[in-house]
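Undergrad: Residues per chain are reported as follows:
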Amino acid sequence: MPTPDTAPDLTVELCGLTLSNPVIAASGCFGFGEEILPFYHPSLLGGISTKGLTLRPRQGNGGIRLHETRAGLMNSIGLQNPGVAAFVQTILPRIRGLTPCLIANVGGHEIADFVEAVGMVAAADVDMIELNISCPNIKCGGQAFGNRAGDAASVVRAVRPVCGKPLMVKLSPNADDLVGVALACEEAGADALSLVNTFNALAIDVHARRAVFDNVTAGLSGPAILPIALRMTRDVARAVKIPVVGMGGIETGEDVAAFIMAGARAVQVGTAGLVRPDALPVIVEELARFMAAEGIANLAQIRGIV
Amino acid sequence: MPTPDTAPDLTVELCGLTLSNPVIAASGCFGFGEEILPFYHPSLLGGISTKGLTLRPRQGNGGIRLHETRAGLMNSIGLQNPGVAAFVQTILPRIRGLTPCLIANVGGHEIADFVEAVGMVAAADVDMIELNISCPNIKCGGQAFGNRAGDAASVVRAVRPVCGKPLMVKLSPNADDLVGVALACEEAGADALSLVNTFNALAIDVHARRAVFDNVTAGLSGPAILPIALRMTRDVARAVKIPVVGMGGIETGEDVAAFIMAGARAVQVGTAGLVRPDALPVIVEELARFMAAEGIANLAQIRGIV
Amino acid sequence: MTTDLHVVQGNETVAPGIYRLSVGPSSPSAAVPAAVQPGQFHMLKTVAPEPLLPRPISIHEVTGDVLSFLYEVKGAGTRNLAALKPGDPLRVTGPLGRGFDVDALSGRILLVAGGIGIAPFRYLARALAEAGRTQVTLAAGFRSRPYGIEDFQPCVRDVRIATEDGSEGVKGRVTSLYSPRDFDVVVACGPVPMMRAVQQGCAEAGTRGILSMEARMACGVGLCLGCTIRTTTGMRRVCTDGPVFPGEEVFFDAHA
Amino acid sequence: MTTDLHVVQGNETVAPGIYRLSVGPSSPSAAVPAAVQPGQFHMLKTVAPEPLLPRPISIHEVTGDVLSFLYEVKGAGTRNLAALKPGDPLRVTGPLGRGFDVDALSGRILLVAGGIGIAPFRYLARALAEAGRTQVTLAAGFRSRPYGIEDFQPCVRDVRIATEDGSEGVKGRVTSLYSPRDFDVVVACGPVPMMRAVQQGCAEAGTRGILSMEARMACGVGLCLGCTIRTTTGMRRVCTDGPVFPGEEVFFDAHA
Ligand SMILES: Cc1cc2nc3c(=O)[nH]c(=O)nc-3n(C[C@H](O)[C@H](O)[C@H](O)COP(=O)(O)OP(=O)(O)OC[C@H]3O[C@@H](n4cnc5c(N)ncnc54)[C@H](O)[C@@H]3O)c2cc1C
Ligand SMILES: Cc1cc2nc3c(=O)[nH]c(=O)nc-3n(C[C@H](O)[C@H](O)[C@H](O)COP(=O)(O)OP(=O)(O)OC[C@H]3O[C@@H](n4cnc5c(N)ncnc54)[C@H](O)[C@@H]3O)c2cc1C
Ligand SMILES: Cc1cc2nc3c(=O)[nH]c(=O)nc-3n(C[C@H](O)[C@H](O)[C@H](O)COP(=O)(O)O)c2cc1C
Ligand SMILES: Cc1cc2nc3c(=O)[nH]c(=O)nc-3n(C[C@H](O)[C@H](O)[C@H](O)COP(=O)(O)O)c2cc1C
Ligand code: FES
Ligand code: FES
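Listed in order, the protein sequences are those of chains X, E, U and F.
Position one of the first sequence corresponds to residue 15 (the numbering used here), numbered consecutively onward.
Position one of the second sequence corresponds to residue 15 (the numbering used here), numbered consecutively onward.
Position one of the third sequence corresponds to residue 4 (the numbering used here), numbered consecutively onward.
Position one of the fourth sequence corresponds to residue 4 (the numbering used here), numbered consecutively onward.
FYI, nobody ran anything at the bench for these hints, they're computed from the structure.
Built from N, CA and C at the ideal position, the CB exists for glycine as well.
Careful: at least some of the hints might be erroneous.
What the hints assert, rightly or not - Calculated lysine to aspartate or glutamate pairs in the EDC-like style (CA-CA distance at most 20 Å, straight line):
#	chain 1	residue 1	chain 2	residue 2
1	U	Lys88	F	Glu15
2	F	Lys88	U	Glu252
3	F	Lys77	E	Glu268
4	U	Lys77	E	Asp219
5	F	Lys77	F	Asp106
6	X	Lys153	X	Asp127
7	E	Lys255	E	Glu300
8	U	Lys77	E	Asp191
9	F	Lys77	X	Asp219
Said to hold, decoys possible - Reference excerpt, derived from the structure (chain U facing chain F, CB under 8 Å, subset only):
#	residue
10	Ala51
11	Asp168
12	Ala206
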């Protein structure tokens, strides 16, 4: 047991990497880690998950891309990104030094594209791959890969051989059977799981009598979803043996503690960092203060206790 | 087209009943309709869905039953109710006159109980049965009936012969395949569907290092869930031919309009009526004002247009 | 029993973290307020969207159509209350629940308050005095400095104070201030562990105990069954069947 | 570029629904504010939990370390701003974005404002005057009564006003107040349809157009890609690549 004046140990081991703390910047909410530099240095965080990368550059979606709901944010960015080649050649050298845990988030609409993209990024100097399987699977009628265990397993199995780096699979909360998908991904070779991606949701402009977003539905994130994301994190963490990175609506250090108690190895924070650019380091400090006040020496003491 | 000074027509046809407006009090958030009398007469509403009834009386859950989250409410009431017999004998005669659309909400943990309970209530003077299939199915390892199409269909098929009244099946948003469950219920003989029940969610008291609720998880309702509930309502309304009653987080007349535009025949309002006892008639007025301002003569003009 | 926007008239700190709020009708033509019984409460909600739910607060004093509340800042809801300024709107729903039955309180009456549990006793003490009860004692316990104990005399003839840190009155718990045998009825309001101790003392002494119970509430008007406690007559709603219960009916095990 | 709590110094109505807010550092020891360029903006968020996101508001005036903003109440976010009182805390993140390049603005300069689009021009006009630009004209269009048009002289030599209801100045659209041919550069800020019309006029006349664009924002600092517009150089973020863009680069079809 620590004496009260021992600083709590916030470190986390994730797939062989040692993170200084469990707070990772969530994909799509942190660019490539450079825009935050005027506010703080990202080495204060456990790690960074990049904006979702795809094999080819994407312009993303037209029309409105953001819409606020009660305690939530809906987005329809449409995976705007420069493509993996530009990432590896131009961006990666610039950002490599920003964090000791650089996670390349990779999306795709076809298995072949996933394989090619993961192969390219995994061969470059990144620390981990996060496979975003919430994207609609063009070959399977537009259902997201992550919605069904079979589809999820096939994309994980396909990228596994080309991925020499730790492979984290990011689960969709819209899955038909979330725990089934999680188990299928573990079985197919995932080294870790992260969840949740955004909830499929709808906003209607009743005056215009149409959906707010051109794509009709969009993804819901933010504090509104926390209680559901926390439940899902616990469900998955209890079902699998590989580490689970939890996320969804985290705003405070105590929220992080809740996800750890629900079984998460580490967490990601997205929307809160959009609300306030310095949110993530503030959350890290809050977590340290909470642990000190509650006499928690390290996160293993509380992990999965609920 | 109405002249500007024609009052909009708010009536709704639901399974042969004509409701004066589409706003129905949601089950579990309106008792049996008597407590509201000091504030307004429930005949101002389209209808009332009663607190969930079970075959035998239930005390409900111990421990904390309510917990607030950002823009949401978690509850774990545990179907506290006096049982169908007491309802039919004692309560029903008292409340029969409160509304022309009295919907008896029935829950259960075994198919045999559902059949017996529905049989008793449907033989009494209620206007419709709402079958709550979100309750855990004791015989199937505690998974809710509503989580799988097969389980949902079997309970609907079992109660259908004993239910001489219109049968509305209330879907769970936690379903593995919501549209599949909806189609299975339609196929099994449901006259209408209502959705969503509460989302399975988790709250942790990080100071006590335990779940807030004795049952660990509890149901999330309120404005936080609206965007997901609205999306689900649209998904189901587009898939089935029977009428769909939408709900989840409705707070305003414009929210009602959004659900109608997403394809709902009518709506239910739960949590908002707990926040403020006169919320439901205020919502009805707001809807009327919205329709008048936008030149919408009746709800059919906007139903399902998104 | 009404729900409408009232107007804040005053909202002053009376001790660290303790405020006294008074609200009046929003217009002279507003409905005449219903008569409020001591021990009843109102659900209060500012116009802020969060927290979602209103908060139950006991009636502290009634003066004409002005309602006063005494409250302690605990979390987001009471923090919103503390930010109210004169002229601000406040949604007030009430009066709610079953208060104290003044007619049934007679003889030597002891009021036992734990911390902010003092809130409903001021109005009750006045009602008891007006009903001619002359043998009323107040025993109030606080963690540290007392608050809300002024103006009880002449309504009560004896005010006894305990503080856990000994900063005022007797050092210790409120239950050390009295012997239940000396009273015909003990009326208590405070945290659950205190209520349990008070009722246990009453039971042993054969003295009637009357408890004003707390519970988390959503609606406050009997709709949701969120505020129930286990009693000898089954699960009862604190908001409509209470908040005042005969002490011997309450099972304390039901509380988390 | 910092994010911290500032203190509200003033927040007055200047016209129905239009407010002028000024904020200062929360303590004398607070970091020296970064120099603010005209056309930059700040993300403002009150301590209220809803709406979740801060709101982008252009810099209206800078006086020492006091920042002023001119804003119109549109929805929940600006309603929260309007409720601020002196002494209240306000989270201010900025200065953000690429503002007007004063060095590149020369010759006969026209500032075209639509409604609350007037906000950034006061600080710009002062900067232009300080940079020795003497041929600056302001054309401002309003639905009804004008606001925010005081104090432009002597920085600009001509102020032209249009109102759609004719209540002041010329009745009609702001674009009827000028001919783009009479200017070397036209700088516009206002609603998208106005910007489209201004840019079209500029294109036809061969005059350089400079537009300060609007978009819904989440972060305001380039993280989320929520605020992009389609331009000849691809999707660009209004918050970091803009809000000021060369008019000929903007495709207006991308707007809903
Ligand atoms: C009938 C009744 C009358 C009351 N009268 C008064 C009064 O006159 N003055 C006063 O200061 N308080 C009174 N309370 C308690 C008051 O309602 C709570 O302190 C308040 O709701 C806390 O809300 P919050 O948002 O500030 O804190 P929250 O953030 O909601 O909670 C802070 C802490 O208080 C606990 N809590 C939340 N709600 C309640 C509740 N209803 N009862 C007990 N604990 C709760 C939470 O578990 C948490 O530990 C009364 C409660 C009831 C049921
Ligand atoms: C760079 C920049 C500078 C701005 N400067 C000023 C300024 O100095 N003064 C001022 O009054 N306003 C300014 N705005 C616009 C201001 O940000 C919006 O009016 C405000 O965000 C609306 O928030 P709300 O919560 O009040 O309304 P909401 O309820 O969010 O929205 C009300 C209406 O405004 C629309 N809207 C929401 N956000 C924006 C937005 N960012 N841009 C355009 N329309 C929007 C919505 O679609 C809706 O129709 C600026 C916007 C940008 C992007
Ligand atoms: C604007 C925005 C863009 C996002 N882009 C991506 C993305 O490219 N890839 C991905 O896997 N997740 C993406 N997400 C999802 C987040 O990484 C995260 O899973 C989700 O927002 C829930 O966490 P939060 O509530 O903390 O934001 C995005 C979320 C937002 C709000
Ligand atoms: C306190 C509470 C009790 C509920 N009890 C029931 C119930 O007994 N039967 C049922 O079908 N739904 C029950 N529900 C679910 C609601 O009827 C509704 O489906 C859900 O709350 C979503 O709507 P809302 O966001 O408008 O509250 C309950 C909800 C709450 C908040
Ligand atoms: S708080 Fe809803 S029944 Fe008591
Ligand atoms: S608002 Fe987030 S990138 Fe511009």
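Undergrad: Would you mind marking each hint as holding or not holding in the structure?
TA: Against the structure, the hints come out as follows:
1. For the suggested pair U:Lys88 and F:Glu15, the alpha carbons sit about 19 Å apart, so the restraint of at most 20 Å is met.
2. Between F:Lys88 and U:Glu252, the direct Cα distance comes to roughly 50 Å. Violation of the 20 Å bound is thereby established for this hinted pair.
3. Annotation: proposed proximity of F:Lys77 to E:Glu268 holds, straight-line Cα distance about 17 Å (limit 20 Å).
4. Between U:Lys77 and E:Asp219 the CA atoms are separated by roughly 16 Å; this keeps the pair inside 20 Å, and the hint holds.
5. Pair hint F:Lys77 plus F:Asp106 does not hold up; C-alpha atoms about 34 Å apart against a cutoff of 20 Å.
6. A C-alpha spacing of about 12 Å is found between X:Lys153 and X:Asp127, which places the hinted pair at or below 20 Å, so the restraint holds.
7. For the hint linking E:Lys255 to E:Glu300, the alpha-carbon distance of about 29 Å lies beyond 20 Å, and the restraint is violated.
8. Distance hint between U:Lys77 and E:Asp191 is unfulfilled; the C-alpha atoms sit about 42 Å from each other, more than 20 Å.
9. Proposed proximity of F:Lys77 and X:Asp219 is supported: the alpha carbons are some 16 Å apart, at most 20 Å.
10. The interface hint given for U:Ala51 is met, as the beta carbon of that residue sits about 6 Å from the closest beta carbon of chain F, less than 8 Å.
11. The restraint placing U:Asp168 at the interface with chain F is violated, with a minimum CB-CB distance near 33 Å, outside the 8 Å limit.
12. With 8 Å as the threshold, the beta carbon of U:Ala206 stays out of range of chain F, its nearest partner Cβ sitting at about 45 Å, so the hint is violated.
The structure does not agree with the numbered hints 2, 5, 7, 8, 11, 12 stated previously, though it agrees with the rest.
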